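S.K.: Work out the full structure, taking the sequences as your base and the hints as a guide.
4 protein chains.
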Amino acid sequence: MIVVLSSGVSLRDKASIVRFIEQNGGRLLVSELGEVTHIGLVDEAARALAPQIETMPGVAMIRSETPPYPQVSREHRMGDTIVDVGRVSIGGTEVVVIAGPCSVESADQIATIARGVAGAGARMLRGGAFKPRTSPYSFQGLGAEGLALLAAAGSETGLPVVTEIVAPEDTELVTAQADMLQIGARNMSNFRLLSEMGAQPRPVLLKRGIASTIEELLLAAEYVVSAGNSRVVLCERGIRTFETATRNTFDVSAVPVLKRETHLPVIVDPSHAAGDRSLVSSLAAAGVAAGADGVLVEVHNDPEAALSDGPQSLTIPGFAEMMTKLRAVAVAVGRTLGETVG
Amino acid sequence: MIVVLSSGVSLRDKASIVRFIEQNGGRLLVSELGEVTHIGLVDEAARALAPQIETMPGVAMIRSETPPYPQVSREHRMGDTIVDVGRVSIGGTEVVVIAGPCSVESADQIATIARGVAGAGARMLRGGAFKPRTSPYSFQGLGAEGLALLAAAGSETGLPVVTEIVAPEDTELVTAQADMLQIGARNMSNFRLLSEMGAQPRPVLLKRGIASTIEELLLAAEYVVSAGNSRVVLCERGIRTFETATRNTFDVSAVPVLKRETHLPVIVDPSHAAGDRSLVSSLAAAGVAAGADGVLVEVHNDPEAALSDGPQSLTIPGFAEMMTKLRAVAVAVGRTLGETVG
Amino acid sequence: MIVVLSSGVSLRDKASIVRFIEQNGGRLLVSELGEVTHIGLVDEAARALAPQIETMPGVAMIRSETPPYPQVSREHRMGDTIVDVGRVSIGGTEVVVIAGPCSVESADQIATIARGVAGAGARMLRGGAFKPRTSPYSFQGLGAEGLALLAAAGSETGLPVVTEIVAPEDTELVTAQADMLQIGARNMSNFRLLSEMGAQPRPVLLKRGIASTIEELLLAAEYVVSAGNSRVVLCERGIRTFETATRNTFDVSAVPVLKRETHLPVIVDPSHAAGDRSLVSSLAAAGVAAGADGVLVEVHNDPEAALSDGPQSLTIPGFAEMMTKLRAVAVAVGRTLGETVG
Amino acid sequence: MIVVLSSGVSLRDKASIVRFIEQNGGRLLVSELGEVTHIGLVDEAARALAPQIETMPGVAMIRSETPPYPQVSREHRMGDTIVDVGRVSIGGTEVVVIAGPCSVESADQIATIARGVAGAGARMLRGGAFKPRTSPYSFQGLGAEGLALLAAAGSETGLPVVTEIVAPEDTELVTAQADMLQIGARNMSNFRLLSEMGAQPRPVLLKRGIASTIEELLLAAEYVVSAGNSRVVLCERGIRTFETATRNTFDVSAVPVLKRETHLPVIVDPSHAAGDRSLVSSLAAAGVAAGADGVLVEVHNDPEAALSDGPQSLTIPGFAEMMTKLRAVAVAVGRTLGETVG
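Protein chains in written order, with this note's numbering: chain L, 907 to 1248; chain V, 907 to 1248; chain H, 907 to 1248; chain U, 907 to 1248.
Hints listed in this document are in silico derivations from the structure and should not be mistaken for laboratory results.
Since we're looking at a predicted model, the values are computed, not measured.
Please note that the accuracy of each hint is not assured.
Identical copies look the same in the list; a pair holds intra-copy or inter-copy alike.
Derived lysine to any residue pairs resembling SDA-like cross-links, with alpha carbons at most 25 Å apart [unchecked claim]:
1. K1231 / E1000
2. K1231 / G1181
3. K1165 / E981
4. K920 / G1240
5. K1165 / A1234
6. K920 / M907
7. K1165 / T1221
8. K1165 / G1240
9. K1231 / G997
10. K1231 / T961
11. K1231 / R1241
12. K1231 / G1244
13. K920 / G985
14. K1231 / T999
M.R.: Here it is in structure tokens:
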């Protein structure tokens, strides 16, 4: 339920309504954009007061049908949320590019890649230390050692780092080393892990599950936000369909649908969607044209030798080439995109 | 099988190879791009000659694995095919926008829309006269009368027209009135109709079926081309997946995959993919950024009153607004897009 | 809209209601099962009379929400429809097995298979003469010659025959030779062909499209029935999903859903669903256990040499083995299944 | 790699081969069925010995291509694995029915349901205490209290109990109360949890993810088995597709495909597949006819008042009715199914 206030409502009337709800034990959310003010009635106690609120001065109407994800919904917060990761802001005018290898493999590898992508305009560094792999016999990541290598490479280049967390018991370890925590597609419905993310201090990059609807992604974000952490960035990375020409089907429509439904930033991961480096640049451009706030791509200094996801990793020169294209597209839709350094 | 000639092969050697195949009853395709020449061995008779061809002067190698759609494959024709529809060229530098209503409803309606979209930079006019509808009780189109109204509106505005054909027996009627014939998604596997399209003189706009793979789309195009008509334009218009936030899932990856696999032009239809006009502009921009040669959109002068597909139709001002965005994105990726008239 | 009559309504009251609707130009459908009588108001003229009908004696209530497929809906015909094909009845107590090759290839081949399946309890013979193939270079069937061979084999064994029709212009030819006409999955949304099926005298076997919902299958049936032919049998044959272990995903739930929604008989085709003969017997048994009225399977005397669909064709001994299992399952769910001959 | 021994190989030769591999540090698996013996070479050390093994007496051949899930593959264990849960055996002749509510709600509720399903022939009791719910605002289960109530109801009726575990940190708590641990569909790719299941003493019921392929399900089982617990039962419970007439699409083909690929028992969950109690009995019968070793169904004493999954829960009389049908189908395919008590 959302209480829509009259435009031009007085501060005093607004305060009275808020006080009335709070004094009666209700939980609420206030959202203001220009002349419009919404007060969301979040819990049952608040909603029970609706008949009385309806008659208070300054109330234009009460809307009773609300989305099942109140806190991430744009109805409860009309303006865009900007998530800061170190000195990088996701959700503002700049389209933020996050790049790096699928897995951290060695100090040399991650440092080389970090320098390469920083030089071409990446704003953040990605790299996996704990890898969820379909087969128990595949490379599972370097673990704690990988985290340290990633942090060192980020520190050297000045890029904040993001890495995946796969279980609640790793929280302390990962938050100590990473600037942002990624929940991977396979864990989007791991509700225990989502709740844990609400109780730690880092911003969260939440990837859509391969068979998750957009509504389910928003509900997963609601788990994190309702547990106390409102700094969540959503990521479209391809869904599973009948088509086998690509690893997954990049659902670019998710970008405008999410931007309409939620105030949270939305980025795209064309690497996992495509599964093939020759398509990554085109899909990244499509995502930016569709309104994405950022792009997450896999880059490797030697893709043929990569321990995971080699076929979909860009080379460093390939990444630089993609950046030139993305910059032009970003400008065409009224955004900016990280300039090259140097 | 493809015979790859040595770079710098002499004209004389080239001619000898071609003559040898033809004199032995084989069917072939020659494709040249810069220094590279491929000779495709299309039928069994030609392929049987491979051992002898392999030893002829000027032959670098013979590649035996070839795609199941030889004539539309880029291996058999390395350069891009440009399909001309009247004075409009699809597949060149310009991104061609085709706009109009789902169904032709009246002389006034189609004329109003035609003028509106022409003024905003559309290069072709679309409109349905024979509508394949899921329910037998839905509006099925104006038929022959609708064709005439569409042709008149196209003639008045100077826009070539494209309309759907649903059965072989309508061919004479439709080719008499339309500049291009559309095979709709539901008929992409109607092989009798595809073959018929190969035997008539108009270029063909072939839409991907909602559950068709990219390979099946290419095989459908091969039906038309192998039956004698090489002027085929492919169209991605959304596939059926589990996601219900959009009418279909716009598979934007199909654009770069198709551009890699085939020499035929590729356009996108964001209206049917989205099913919701608020998403059309973003998806159209995504398609252009991904490399599409054109965009097909539904536009109506009064969407609320439309007899079909109202919710996904742009208004005329909405179309003009989209065109401004598309033009900027087209330029960002090295293309142009129709200027406004007047 | 459906007029539900009071139980114990008099014949006289019933007749008055029907007469009132007809005299006012309305179209109706009467359905009776035990004590319950429904009168469906099919067209606008009939529905306009609802306010007056509501007050007539014998009317219990008028239900206004009705399915979009009124004529095939169980609300308009509560009892099961039985479709007779020659002396075979589909939709009654017996589970009807229809067997034969994907394609008719020669007189010997079809006769051998016909005798084999007849001996093992098949009640009808299937065989393709016009084959819709994904590639223009695949075997397209023997055409008219194949039809004649199929009819001869059916005649010799006493089995009615069913074969696919792919275009309206073949209707005369196919109806002259076949006892039942099949609309294949690829043509389920070929509405021109569906309408044509309503105007010819043979019963129709309508297969579900690989990406068609159950509702769309029912609407396709409504096309045939509303065009004048109520003898339609529906067939579940697998849908397209992300799973690649089978050719298609056999949607066995479609059987009980369809039996609840429609009065038409429902059969299953496990061969096309599985794409692998080792699975056919299990899926056929699943279909019968779920309530199917029949089973359509591909059988070949020499699957390795088959011109199409060899991998999914049962051998004749494999078919006989399957029949033993199906017979036991049919009896377990209160049905019978064709006894072996001789 | 699999070493296939000659039929009639001597015990002495067999022992020599095994000893040779072990002495050289290789890991192996021996599987015998009738006259056939396979020795699987599980790790790199063992595979490196292949050239020498090939020449040893008693070796018929070495097959180099093996499935990516060696330990659960039927190639490594030709006979069926039977998983014992208390006095119940899953994977033998009897089709085991496991029934109970979605969530444990109260002592009364679970006791009533336990008595009801036991009386109708259920062999195990299910009930959720930790519920993974899509929305953070939905009922999340009674937790530890629910576990105790479930155990008490199982104890009273003599039915072993199975319940879901959602995070590694709950292992001690859940194994103390439950006879079998369920990994739900949402956690099928939670590899940390799978590994944890390999290190605890209870048998595991592993449900297929809604977008997981059959191969991925087998790889998930390989995680558990390779971590030390070979008592795994697989469960097909419906996959996500475009069809919306059912909650999920029940992929009954998974049953025969899994029975061919693996030696582990396979059961079906028609309740989550259908999402509608009117379909459950038909789908359960389909599963048994297709070869399932068991059926998992949701039953509630008062479905309308259930805190979760009410619409798909059978009533107790509905369950008894289903059992009568399943018993007949089980017998038809050469199995038995739990008799009613008393």
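S.K.: For every hint, state whether the structure bears it out.
M.R.: Right, here's what the structure says about each hint:
no.: 1; hint: K1231 / E1000; result: both (15 Å within a copy, 18 Å between copies)
no.: 2; hint: K1231 / G1181; result: within (20 Å within a copy, 29 Å between copies)
no.: 3; hint: K1165 / E981; result: within (12 Å within a copy, 41 Å between copies)
no.: 4; hint: K920 / G1240; result: neither (35 Å within a copy, 52 Å between copies)
no.: 5; hint: K1165 / A1234; result: both (22 Å within a copy, 21 Å between copies)
no.: 6; hint: K920 / M907; result: within (17 Å within a copy, 50 Å between copies)
no.: 7; hint: K1165 / T1221; result: between (31 Å within a copy, 22 Å between copies)
no.: 8; hint: K1165 / G1240; result: within (16 Å within a copy, 28 Å between copies)
no.: 9; hint: K1231 / G997; result: both (20 Å within a copy, 20 Å between copies)
no.: 10; hint: K1231 / T961; result: neither (55 Å within a copy, 45 Å between copies)
no.: 11; hint: K1231 / R1241; result: both (13 Å within a copy, 13 Å between copies)
no.: 12; hint: K1231 / G1244; result: both (12 Å within a copy, 22 Å between copies)
no.: 13; hint: K920 / G985; result: within (19 Å within a copy, 63 Å between copies)
no.: 14; hint: K1231 / T999; result: both (17 Å within a copy, 17 Å between copies)
Of the numbered hints stated above, those contradicted by the structure are hints 4 and 10, listed in ascending order.
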